[in-house]
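Asks: Using the sequences and the hints, build the whole thing.
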Amino acid sequence: MANVLAVVEQRDGTLRRISDEVVSAAKSVAEQSGGVVHAIVIGPVGTSATVSQLAKFGAEIIHVVEHDALKGYSPDGYVQVIADHIKGSDYFAVLFGATTNGKDLAPRVAARLDVPLAGDATELAVESGDLVITRPMYAGRAFAKVTLDGAPRIVSIRPNVFRPQERAAAGTVQQVAFSGDASAWKVTVREVKAAAGGKLDVSEAPVVISGGRGLKGPENWQLLEQLRDAFGGRAALGASRAVVDAGWRPHGEQVGQTGKTVSPQLYFAVGISGAMQHLAGMRSAKTIVAINKDPDAPIFKVADYGIVGDFTEILPALTEAIKAEQKH
Amino acid sequence: MKIIACIKRVPDTEARLKIGAGGTIDSTGVKFIISPYDEYALEAAFRIRDAQGSGEVVAMTVGDPAAAEQLRSALAMGADRALLLKGQTTIDGLATAKALAAEIKEAAADLVLLGMKAMDDDQQQVGPMLAELLGVACITAASDIAIEDGKVVCHREIEGGIEVVEATLPALVTLTKGAHEPRYPSLKGIMAAKKKPLEEKDAQVPASRITLKDLTPPADRPAGRIVGQGSDAVPELIRALRDEAKVL
Ligand SMILES: Cc1cc2nc3c(=O)[nH]c(=O)nc-3n(C[C@H](O)[C@H](O)[C@H](O)COP(=O)(O)OP(=O)(O)OC[C@H]3O[C@@H](n4cnc5c(N)ncnc54)[C@H](O)[C@@H]3O)c2cc1C
Ligand SMILES: Nc1ncnc2c1ncn2[C@@H]1O[C@H](COP(=O)(O)O)[C@@H](O)[C@H]1O
Chain W
1 MANVLAVVEQ RDGTLRRISD EVVSAAKSVA EQSGGVVHAI VIGPVGTSAT
51 VSQLAKFGAE IIHVVEHDAL KGYSPDGYVQ VIADHIKGSD YFAVLFGATT
101 NGKDLAPRVA ARLDVPLAGD ATELAVESGD LVITRPMYAG RAFAKVTLDG
151 APRIVSIRPN VFRPQERAAA GTVQQVAFSG DASAWKVTVR EVKAAAGGKL
201 DVSEAPVVIS GGRGLKGPEN WQLLEQLRDA FGGRAALGAS RAVVDAGWRP
251 HGEQVGQTGK TVSPQLYFAV GISGAMQHLA GMRSAKTIVA INKDPDAPIF
301 KVADYGIVGD FTEILPALTE AIKAEQKH
Chain B
329 MKIIACIKRV PDTEARLKIG AGGTIDSTGV KFIISPYDEY ALEAAFRIRD
379 AQGSGEVVAM TVGDPAAAEQ LRSALAMGAD RALLLKGQTT IDGLATAKAL
429 AAEIKEAAAD LVLLGMKAMD DDQQQVGPML AELLGVACIT AASDIAIEDG
479 KVVCHREIEG GIEVVEATLP ALVTLTKGAH EPRYPSLKGI MAAKKKPLEE
529 KDAQVPASRI TLKDLTPPAD RPAGRIVGQG SDAVPELIRA LRDEAKVL
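Going down the list, the sequences are from chains W and B.
Number 65 in my numbering belongs to position 65 of the first sequence; there are no gaps in the numbering.
Each position in the second sequence, counted from 1, maps to that position plus 328 in my numbering.
Check before you lean on any hint, since a few could be wrong.
[Claimed, not checked] No farther apart than 27 Å at their CA atoms in a straight line, the calculated lysine-lysine pairs in the DSSO-like style are these:
#1 B:K574 / W:K301
#2 W:K145 / B:K541
#3 B:K433 / W:K87
#4 B:K346 / W:K301
#5 W:K286 / W:K56
#6 W:K186 / B:K330
#7 W:K327 / B:K574
#8 B:K574 / W:K323
#9 W:K87 / B:K426
#10 B:K574 / W:K56
#11 B:K479 / W:K186
#12 W:K71 / B:K479
#13 B:K574 / W:K293
#14 W:K286 / B:K346
#15 B:K479 / W:K193
#16 B:K433 / W:K186
#17 B:K524 / B:K414
#18 B:K574 / W:K199
#19 B:K541 / B:K426
#20 B:K426 / B:K479
#21 B:K359 / W:K145
#22 B:K574 / W:K286
#23 W:K186 / B:K426
#24 W:K145 / B:K426
#25 B:K359 / W:K301
#26 B:K346 / W:K145
To be clear, the hints were calculated from the coordinates, so they are not data collected in a lab.
As the structure is a prediction and not an experimental result, all values here were calculated from the model.
Replies: Spelled out as C-alpha cells, the structure:
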C-alpha cells in the first residue's frame, strides 16, 4: 500500500484553511504513489460533524479522534494520538501543515517514530517510487531537493503554496477511540489571546499589505488598514522588522527571516526598502507590488509592479480603486 | 537553575551564498555567526539565570572545531561555560538531536533552550525532537518566557493570536524573536570569556537519513516593471493586477 496520511488542523471546532491544502497535497502524492488519502482530525466531541469538506479535496478515509481533553492543541496528547495511529499503519508518507502547531507536532511525531523529517516543503513529487521534497534553506537563499530514508516519510508543507484542488473521494468517517490520560500531560495552555477582531493571520491571508519605516509612524497605519478592509476580509497586515523594532506594530505581523514566511497571491510592500532579510519572508508571493518613493529601492528588483511616489498620495487612490474593483 | 543553550554556527544572513558541487556551500570569505534565533535562546537563558540569582548557563554546540568561535561569543555575551561537541552538522535534525541528547541526558539541566530554527537548514525540528528524546516538556516558538512557581510560562505566537502556555520543569523551550533582544558582548565580557572554560569532546552524530539530491538558488522572479509615478499610476496597476496577474 502506498497511502498518504494528511494530518489536518482544527481550532474552536472549525477546520483551519491549511487543512484543504494538506489533503490536496496528499492527494497529489497518493495519485503518484498509487494509494489513497487518509486524513486524521483531532478535536473535541462533535468534530466529526465538521470534516465532510475533506472528502471534496480527496480524503478517502477520515479518522476522527474526539475527546474534550483534545479541544485545544495539546502537544503531549496530539503527539501520542498521531504517533499511535501511524504505528498501526503502513503509510508511504505523512503530511503536516507547517503552521506554528504543525511545526511543534511533526518533529515530535518523527522523533517518537525514529524517522527523519523534511520541514516546510514547497514542492512534492514521486520519482522512481521515492518522495522527492523541495524545501527552502538558508532563509530562502537556496532550495534543496531531498529524500528521506524512513518509513513513513514525514513532511510538513508550507502554508499557501499547495493550492487546494477539488478531487472528490469517499470521505468515510472512522471514529478512533482516545485512551490518553490528560492528567499526565506536561504542557497546558492557560489561555489564547486572539488578535484584535479575529483578523486573518499574515501567514494565511491571500492578500498581504505590509508597511515599512517609510510610513513614518504608527499613525499612518490607518491608510494600510483601509486598503486591507477594501479587500473585504481576504487581506492581512504585515510589517518590516524596522517597524516592529520601533514598536509601531506587533511582532506577530513581522515578515522576513526573523518573522513569518508568507506566500500570498498578492503582496504589497509599502515604504519597505527590500532588504535581503525581508525578501526571505515574501519572495515566494505570486504577485508583488512595491510602493516606494525611491526608484532605486531594491524592492523594485523583486516586485512585479511598482509605483514610485509618496504613500500618502498613492494609498487612498489605491484603496478607492480596489473598492470599485471588488464591486464588479 | 541549570540552563543549557544549544547554538549553531551558520553563515551570516547577509552573505551571498555560492553553491558548490554536491550541494555544499562554498564558505571561502563567508563570515559565520551564531544563528540569530539562538541569540534569543542565550539572552533568555541569561535573564532567567539572573532573575533567579543563581545557576549557570552552558552554551553547547555540535559542529566542527571552527564552531569554537561562536561558543567564545556566547561566553562573551554571558554564558558561564561552553561545550563543543565535535561532529558533523547535518540537515537531519534527528541525528543532531540524538548527539545533543546523549550529552544533555547526563547533565541534569532544569531548562534547555534552543532557537526556533537554524538559519542554514531552516528545519525547525531539533528542539522538539530533542525534547522527545529527553522525555521532557516542550514549548516551541516562545516570544516570551519566565519562571513562575517552579513552572516555565511562555507566550507562543500562533496564527492570529498569542497562546499562553505553561510546563513543568525540566523543560525544553525554543525561542523566537520577542521579549529578549540579545545583548552585545561588552569589552569586559570579551576579556572575561578568554578565561571561561570551553570544553571539547567528540560527539556521536548518527549518519544522516536525509539525502540532499540538489541545492539550487531560488528561481529568479521574472523582471517586473514600474507602472508609473504617484496616484496617476493606480489605474494601470489595477488593470495589470486584474488582467495580467489575475489576482483581483
Ligand atoms: C539577523 C537579521 C534578521 C532580520 N530579519 C528581518 C525580518 O524578519 N524582516 C525584515 O523586514 N527585516 C529584517 N531584518 C532587517 C533588514 O535588514 C532591514 O533593516 C529592514 O527590513 C528594513 O526595514 P524597512 O524596509 O521598513 O526600512 P528601510 O530600509 O529604512 O526602508 C524604508 C523605505 O521607505 C521608503 N520611503 C520613505 N519615505 C517614503 C514615502 N513617503 N513613501 C513611500 N516610500 C517611502 C524609502 O525609500 C525606503 O526604501 C533583519 C536583519 C538582520 C541583521
Ligand atoms: N549543530 C547544532 N548544535 C547545537 N544546536 C543546534 C545544532 N543544530 C541545531 N541546533 C539548535 O536547534 C535549533 C533548531 O535548528 P533546526 O531544527 O536545524 O532549524 C537551532 O536554533 C539551535 O538552537
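Asks: Are K359 of chain B and K145 of chain W close enough, with their CA atoms no more than 27 Å apart?
Replies: holds (25 Å)
Asks: Checking one constraint from the list: CA of K574 of chain B to CA of K293 of chain W, max 27 Å. Satisfied?
Replies: holds (26 Å)
Asks: Hey, K479 of chain B versus K186 of chain W, does the alpha-carbon distance stay inside 27 Å?
Replies: Between K479 of chain B and K186 of chain W the Cα gap is close to 10 Å, so the pair holds against 27 Å.
Asks: Under the criterion that the straight-line Cα-Cα distance not exceed 27 Å, is the pair K433 of chain B, K87 of chain W satisfied?
Replies: Between K433 of chain B and K87 of chain W the Cα gap is close to 26 Å, so the pair holds against 27 Å.
Asks: Taking only the CA atoms, is the gap from K186 of chain W to K426 of chain B under or equal to 27 Å?
Replies: Holds. K186 of chain W to K426 of chain B sits at ~22 Å (cutoff 27 Å).
Asks: Does K193 of chain W lie within 27 Å of K479 of chain B when you go C-alpha to C-alpha?
Replies: holds (20 Å)
Asks: Against the 27 Å threshold, does the CA-CA distance of K524 of chain B and K414 of chain B hold or violate the hint?
Replies: Satisfied, since the Cα-Cα distance of roughly 19 Å is no more than 27 Å.
Asks: Is it true that the CA of K359 of chain B sits at most 27 Å from the CA of K301 of chain W?
Replies: Distance ~25 Å between K359 of chain B and K301 of chain W Cα, so the pair holds.
Asks: Under the criterion that the straight-line Cα-Cα distance not exceed 27 Å, is the pair K574 of chain B, K199 of chain W satisfied?
Replies: Satisfied, since the Cα-Cα distance of roughly 24 Å is no more than 27 Å.
Asks: Hey, K346 of chain B versus K301 of chain W, does the alpha-carbon distance stay inside 27 Å?
Replies: holds (20 Å)
Asks: Could you grab the alpha-carbon distance between K71 of chain W and K479 of chain B and see if it respects the 27 Å cut-off?
Replies: holds (23 Å)
Asks: Take the C-alpha atoms of K433 of chain B and K186 of chain W, compute the straight-line distance between them, and say whether it is at most 27 Å.
Replies: holds (18 Å)
Of the hints listed earlier, there is not a single one the structure fails to meet.
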